[in-house]
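Make one complex out of these two single chains by using the hints.
Line by line, the protein sequences are chains P and W.
All the letters of the first sequence, read from the start, carry residue numbers 23 to 408 under my numbering.
All the letters of the second sequence, read from the start, carry residue numbers 314 to 660 under my numbering.
FYI, nobody ran anything at the bench for these hints, they're computed from the structure.
Heads up, a few of these hints could be off.
As the list claims (entries may be wrong) - Rough simulated footprint, nothing fancy, chain P against chain W, three-plus residues with beta-carbon under 8 angstroms:
id	stretch
1	338-344
2	369-380
Unchecked claim - Interface residues of chain P toward chain W, partial, derived using beta-carbon atoms under 8 angstroms:
id	residue
3	Val177
4	Pro266
5	Gly276
6	Ile317
7	Arg344
Keep in mind that this is a model prediction, so the values were computed, not measured.
Heads up, the beta-carbon is just placed ideally off N, CA and C, and yes, glycines get one too.
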Amino acid sequence: MHCLVVIAAGALVAGFAETEVPAAGNVINGCVSTFDVTEDYFPDKAFIEDAGNLRVEYHRSYKVVTVTDGRAAGPPERYVLVQCGTPPPRHERATQIVTIPIGSIFASSTQLSALIDLERLELLTGVPRIRDLSGEPLTRRVATGRVREFAARGVVDVELVASQRPSLFMSSGGSGSDAVLRNAGVPVVANTDWLESTALGRAEWMKFIALFLNEELKVQRLFDAVKTRYHALRARARSDANQPRVMAGRGTNGMFVIAGGRSYVAALIADAAGQYVWADNQASGTAVVDLEAQIARAANADIWINGGGWSNLADLVRQEPRYAAFKAFRTRQVWVYERLLEPSGANEYWTRSSTHPDLVLADLVGILHPELMPGHRFEWYLRVPQ
Amino acid sequence: MMRPRVALVLFGLAMILAVAFVMSVVFGSTRLPLRRVVEVLASPSTEADPDAWVVWSIRLPRALTALLAGAALSVAGLQMQTLFRNPLADPFVLGVSAGASFGVALVVLGTGAGATVALGQSLGLSGDAAITAAAVAGAFGVLVLVMSVSARTSNAATVLVLGLMCGYAVSALVTVLVAASQPERLQQWAQWGFGSFSGVTWQRMQLFFPMTSVGLLAAASTTKQLNALLLGENYARSMGLAVRRARLTTMVGASLLGAVVTAFCGPIAFLGIAVPHVCRGLLGSSDHRVLLPAVVLVGGIAALAAQTLSLVLGSGRVLPLNAITALFGAPVVVIVLLRSRSGACGR
Chain P
23 MHCLVVIAAG ALVAGFAETE VPAAGNVING CVSTFDVTED YFPDKAFIED
73 AGNLRVEYHR SYKVVTVTDG RAAGPPERYV LVQCGTPPPR HERATQIVTI
123 PIGSIFASST QLSALIDLER LELLTGVPRI RDLSGEPLTR RVATGRVREF
173 AARGVVDVEL VASQRPSLFM SSGGSGSDAV LRNAGVPVVA NTDWLESTAL
223 GRAEWMKFIA LFLNEELKVQ RLFDAVKTRY HALRARARSD ANQPRVMAGR
273 GTNGMFVIAG GRSYVAALIA DAAGQYVWAD NQASGTAVVD LEAQIARAAN
323 ADIWINGGGW SNLADLVRQE PRYAAFKAFR TRQVWVYERL LEPSGANEYW
373 TRSSTHPDLV LADLVGILHP ELMPGHRFEW YLRVPQ
Chain W
314 MMRPRVALVL FGLAMILAVA FVMSVVFGST RLPLRRVVEV LASPSTEADP
364 DAWVVWSIRL PRALTALLAG AALSVAGLQM QTLFRNPLAD PFVLGVSAGA
414 SFGVALVVLG TGAGATVALG QSLGLSGDAA ITAAAVAGAF GVLVLVMSVS
464 ARTSNAATVL VLGLMCGYAV SALVTVLVAA SQPERLQQWA QWGFGSFSGV
514 TWQRMQLFFP MTSVGLLAAA STTKQLNALL LGENYARSMG LAVRRARLTT
564 MVGASLLGAV VTAFCGPIAF LGIAVPHVCR GLLGSSDHRV LLPAVVLVGG
614 IAALAAQTLS LVLGSGRVLP LNAITALFGA PVVVIVLLRS RSGACGR
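Only chain W is shown next, with the shape it has when bound in the complex (with noise of 0.2 angstroms):
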């Protein structure tokens, strides 16, 4: 049973997720009345009316993206920090995020990357979804790279060492392209690395919303697996658990979240490593079975407020969204656990 504090919690988590979704839906970086953006949407949007360009086009897919990609890092977030028994821990540990910066360098930079760019045209992509699906190449590479060479070792902090030494290798490999480009590519380069909900469209949004929430769900489904692991690997074998195959298929769930994530809206580095820290404060507890709803709460709540933050800040213009969640995010976080009572940064 659940505990009524926890139960009240999560409730009230809800209730703020939802305020802070209707809040991306009526706030953003122009001024539109509250009446009209009721009216738009209580109406069928017409060509013409550009309120109901950015309420249905802009607005609503913005929030919607927000809210599963702070879900999405958070909880990969909570399954790498449990998994390696690392505070530090977050979604891209195993180089994903380095991979897929990798992908995204080789389209926009594209200096000698002529083929990489035929490729793209090829498969009929271009613009953004070309650089989604470069990132989602790029991650994968790396991810499988990871994964083979550390299925030769059984001992969790030699697996995580692996990929960070993957994650500086591409890095060196971003930094090469990076300095043999032009600079109004670097723009577009820098923008991207900035950070952002705003670029998935419905369109987008029909591969992004499937591929966030079968992560989700395949992560609910290893609460019992990650508890087993809190208490040591010994611990879990005598529980009974393939140890090998649960640490394998949770690494993997993990980082495809942040992939996908990462392929979306670029790199957002903040709410994955800091989410998880905030939840085990707010509920006093490491019991993934009430960790993992809030944590899929206050990461959507976390990044809904920084999107209608870094918009409204920003008064038409654009604040990066990492800027915005790590500014106002950190200090958050360490008030946080310095005022939940265990005060440590749980396993």
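One chain only, chain P, in its complex shape (with noise of 0.2 angstroms):
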């Protein structure tokens, strides 16, 4: 990719410079008014490097994205996105075609972290439900009332989504209703970053969102800086030789939801510095085991995350008892992301951790090796009160 945009650039200077000076910067708002075949409508660029399912390419006046896994049954989808005010292209063939810069989108809960740190949240026009958005810039957002409800039962509906016309309807793919809703012609685009096996992969789609938003530059400087403190993070924690044990997930009737083995989860827990007790585990997102493996695995486990639901210590037992079977609970080292959860249900960490895994390292770490980070005040994790 880094190929590709070289050569762009450099065709660009070598035969358009003395003809055509370049647009200052990407166009953010509206269209553009003449159309000249020779210019560079794209001088900002995205380049993908964590990402593995995601793909960009730059052309002049449009950029094909690639999703390589869009849950859909077929070849990889392709999205042309075309700078509004130029022609679209003839000869590309697109899953979707979308005019950017979009000026309003119907995301789900998970894919708006993105727009709060590009500070566009302005174009938020549709939610699957306003009760699951809790943090200051979504409730203020949701307050000017131009937000809507559009799967206020868990079905996507169709009617309103078409009736409403929204720039682009970014779903998490693989639903039924995308293509219902592209004859209805609304541009759907699928975003499956929770696909991605590492926490950075899964954050770098905030790129993904800012394609369609003409907001390379400040995408670039955003996620670099992410990367940066997370690679800085992880490093901090590989400085200790201790590396504490750890087990992800909850009981359910005598069975355990652990966190797969290729999970951006288990990612995190080893860049943290710790061993995940299902390393060799296979499963990409989750899986079930019985307890009783659940018990072998993880009975000396030192720390145990990502469980929830449980208000103090005594609450786990009530619920199962043999969860005392496990040394992170009778040592009190039990921790969930729970810190912001609201009565409604809603929970900041579900709508802001997706772009930000520094920030979730940074928790993992405060509780795997607390003595590197003295004084951490934890963004999301809580250790559940006795």
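Structure follows, in structure tokens:
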């Protein structure tokens, strides 16, 4: 990808430098008034480094974004993003053509973090359910009354979306409503950040959203900062020779839902210099194991993360007396990401953590190696009180 | 007097049940040497010994749960098949399984069911205990509804259809809840639907054991009525049986057995319908005085075997119990039925 952009930039300098002075930056609002076939309308570009499921390719007046696994059966999804005011390319095969920069977006709650970071929340006009949202920027946006609920009952209300005509509907991929909405003339793209196997890879999908806003300049800076902090924290954690054993998840009905060994949770634990008890597991999302298997693996784990729904330790054994088999429970090392959980059930962790793996990692290093993070103020994690 | 062949079969079944029980304590999703299992059983457990937790608090209650649940479902199935003179009847024909599912769906899927959750919390219930309470409430609700409507008819087939309709209607409500819920909750819902004997802890056993035992004892006292009903309601009436009352108590008893098991273990579909057929085939008899103990034994064996298989085959991952019972059970039923001389799905 670097190569492509370098060649494009080189061609620009060699071929067009005398005839056309490149624009100061990408067009963030509105359309271009005149179309010049020789002009590069995207002087600011984004490079994909960590996300495995996402590619971008720049042309002068349009970008081709490829989502390798968009959760629909068939070939990778190709989205052609055309600068407003320029003609769409005739020869590009496209799953979806989108005119950019977009003026409004319908998106899921886990996809909003990028809009907040880019300070472009004014584009948000639709979310699945308003009561899943929390945090100051989102509540302020909702208070304007310009945000509609499009799946209040769990199913996407296609008629509502079609009548609202957002410039973009961002799905999580593979939903039956995607095709229906496309037929109704609503541009639909799949955001499958949740399929990434590393937290940085997942966070890099903030660029996916920025591509539709022409906000490459800002997003490159944001992501680079996140990545730098993440790497620094990882290096700091690795300076500790002691690697505590970590278990993750919660039980249900004699079984235990674990984070898979190939999930971004497992990757985060490894980066926080912890030994995940299921590191050899092959699942990339979650997996269900027998409680007996979990006890055999994790009885001696030092720390238990990512359970939830408990207000104190007594709650745990009230729900499942066999939790007492875990050393982490007996030594009161049970941590949940519910510091900002609201009574309504909304949790800022879900809306904000995807683009802030640095903050998640900081919390995890603070849990696993407290001596390395003196005075750390936890962002999302909370130790379950006695 | 019991025929010698029957006595022999029952004795053999009891032996197999004992072996199946021991196997399910010795084998699990993790490997523990037999010596270690015996050691742990012999010595009082310590809090920090994972093996002790596995044997005492997971495998033993799980085996006991499987035994009781298998026996309860099979007996309830036998009662319903005789009562409705229908080889396809099972403990859930009156809709209790659908009712229990509805209760659980309200708690687990809980969209807009803040009230339900609050109710659970005010009763001091959370997690699995809340699920059990909701299942019992749902099953009872449907049972009361079906029984009150069926009091208006004396035709058994009509009652059967009533139960079926009620089940469909309640299942439709569950579908509405499922459609409106979030993916992470659906996972827990799906888990419940797989069926499991692992959720009954010693604490919950204090409820489960007496409830199923009382139900089984009550069923044992109905063998004479069932034998009379086998020959038709008119014959039963001529024998001096209060048919209406016998029918009512048997239906309620069988449904409650089914409801209790569903509440604690999830909907377990196959055992209740299949085990009675296996026993009729094995014994070549429809006499409930011998069928009932055989059904208890075979039900226990089938549930224990399915439980052990689901763990051993899964090697750490959990294979759904419902898949195992039907996958391995169906061929067994077919073989037994084809081999038994009567061959009939006796009534």
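Okay, the hints, checked on the actual structure:
| no. | hint | result |
| --- | --- | --- |
| 1 | 338-344 | holds (count 3) |
| 2 | 369-380 | holds (count 4) |
| 3 | Val177 | holds, 6 angstroms |
| 4 | Pro266 | violated, 17 angstroms |
| 5 | Gly276 | holds, 2 angstroms |
| 6 | Ile317 | holds, 5 angstroms |
| 7 | Arg344 | holds, 5 angstroms |
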